[in-house]
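These protein sequence lines are chains A and B, in that order. Per this note's numbering, the first sequence starts with residue 22, numbered consecutively. Per this note's numbering, the second sequence starts with residue 11, numbered consecutively.
Hint data in this document are derived by calculation from the structure and do not stem from the laboratory. From a predicted model like this one, the values you see are computed outputs, not experimental measurements. Think of the CB as a built atom: it goes at the ideal place given N, C-alpha and C, for glycine as much as any other residue.
Quick list of the computed label-pair ranges, beta carbon to beta carbon:
| # | chain 1 | residue 1 | chain 2 | residue 2 | range |
| --- | --- | --- | --- | --- | --- |
| 1 | B | E160 | A | K89 | 47 to 55 Å |
| 2 | A | V180 | B | G155 | 34 to 42 Å |
| 3 | B | I165 | A | S167 | 21 to 29 Å |
| 4 | A | A140 | B | T178 | 20 to 28 Å |
| 5 | A | A148 | B | G155 | 48 to 56 Å |
| 6 | B | A153 | A | M72 | 47 to 55 Å |
| 7 | B | Q187 | A | E46 | 25 to 33 Å |
| 8 | B | Q187 | A | V180 | 18 to 26 Å |
| 9 | A | K193 | B | N182 | 20 to 28 Å |
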Amino acid sequence: MSDARIEGYARALFEIARAEGSLDEVEDELFRFARSYESSEALRSALTDEMIPAAKRQAIIEDLIGGKATATTTQLVSMVVGSGRGRDLPAIIDQLVLRASSAKNLEVAEVRSAVALSADQQTRLAAALANATGKQVNLKVVVDPSVLGGIVATVGDTVIDGSVRTRLDQLKARL
Amino acid sequence: MNTLIRIAHLVTSTGEPPRQDSQGITTKSWILPEKAEMIYGILAALIIFALLIKFAGPTIKKGMAARTARIQKELDDAASDKASAATEAAGIRQAKGDIGAERQRLLADAALQADAMLADGRTRLEAEVAELKARAIADIDTARGRSADELRGEIARLSATAAERAVTESINDATHQDLIEAFIQKVGASA
Chain A
22 MSDARIEGYA
32 RALFEIARAE
42 GSLDEVEDEL
52 FRFARSYESS
62 EALRSALTDE
72 MIPAAKRQAI
82 IEDLIGGKAT
92 ATTTQLVSMV
102 VGSGRGRDLP
112 AIIDQLVLRA
122 SSAKNLEVAE
132 VRSAVALSAD
142 QQTRLAAALA
152 NATGKQVNLK
162 VVVDPSVLGG
172 IVATVGDTVI
182 DGSVRTRLDQ
192 LKARL
Chain B
11 MNTLIRIAHL
21 VTSTGEPPRQ
31 DSQGITTKSW
41 ILPEKAEMIY
51 GILAALIIFA
61 LLIKFAGPTI
71 KKGMAARTAR
81 IQKELDDAAS
91 DKASAATEAA
101 GIRQAKGDIG
111 AERQRLLADA
121 ALQADAMLAD
131 GRTRLEAEVA
141 ELKARAIADI
151 DTARGRSADE
161 LRGEIARLSA
171 TAAERAVTES
181 INDATHQDLI
191 EAFIQKVGAS
201 A
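With the sequences and hints as input, model every part of the structure.
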């Protein structure tokens, strides 16, 4: 999909979420769904297979996040998948998150951790990242077991890697 | 002539008196004819000899000359043949000598070629052996290096796997929280 079309879908989702008055929550849910989508080959295959009818793909979305996310989030994802743009869902959502952060004058900070962060940890980490980068950040936490331990934070082009995985890779390279 | 007759008469005379046969013919010798008969006989013989000499002599002389010439020719031919044979024998002897010399030369050439081929083959063989030896040494070195590299790689892989497993198994919730807190403090202090 072209950047213009991705941008168009992102703008549409952004406007809908803002109109619904649940932009922060929807943005966060969509971001986490996008990361799950990226890490699951089976989910990607199911949502991008054009041999599967759109209604059935939308039913999969409903079954998957219907009871866990807000109705707005579920409907937005269902709309994108139903229109046959499931393959571009992560890019659309990332664009939506960027747009939402820009609207709040925030920089997106993607944080990957092996375990979930508490609210307190997220607050302190956001403050620490703002202190380190000089920008206010919109923290997006992704639970990624491949990190093994520690945190990998990406703010714009800056990557702060404190993960066990990276240290093990460095050790492996030295060996 | 008379003397001859007289001598013959004395030789043949037996001292006996002349005898007379049944027809009344008287002979004085039992072996010699009468004088007139001898004279006529001798004259006839001489005439015959003279005729023979006159008429048959040239033919006989010519035949003898021809025979002499033929014999001479045969002698000459024999001498010529002998000379040819001698020449041919000399040629054969020379050819035999040449064949012997050629044989010696061929044998010498063959020996030289054999020596050259042997030397060449030995040199080539030595070169091939040296090349094979060098290649084998290089292969051994390569295999040794590869084995060492593979061994190092395997050790590194096993070590990394073991380290990852040890780290993974040793990380519990408390460790996770410690790592997260350490990261937050480090990032916060890095401004």
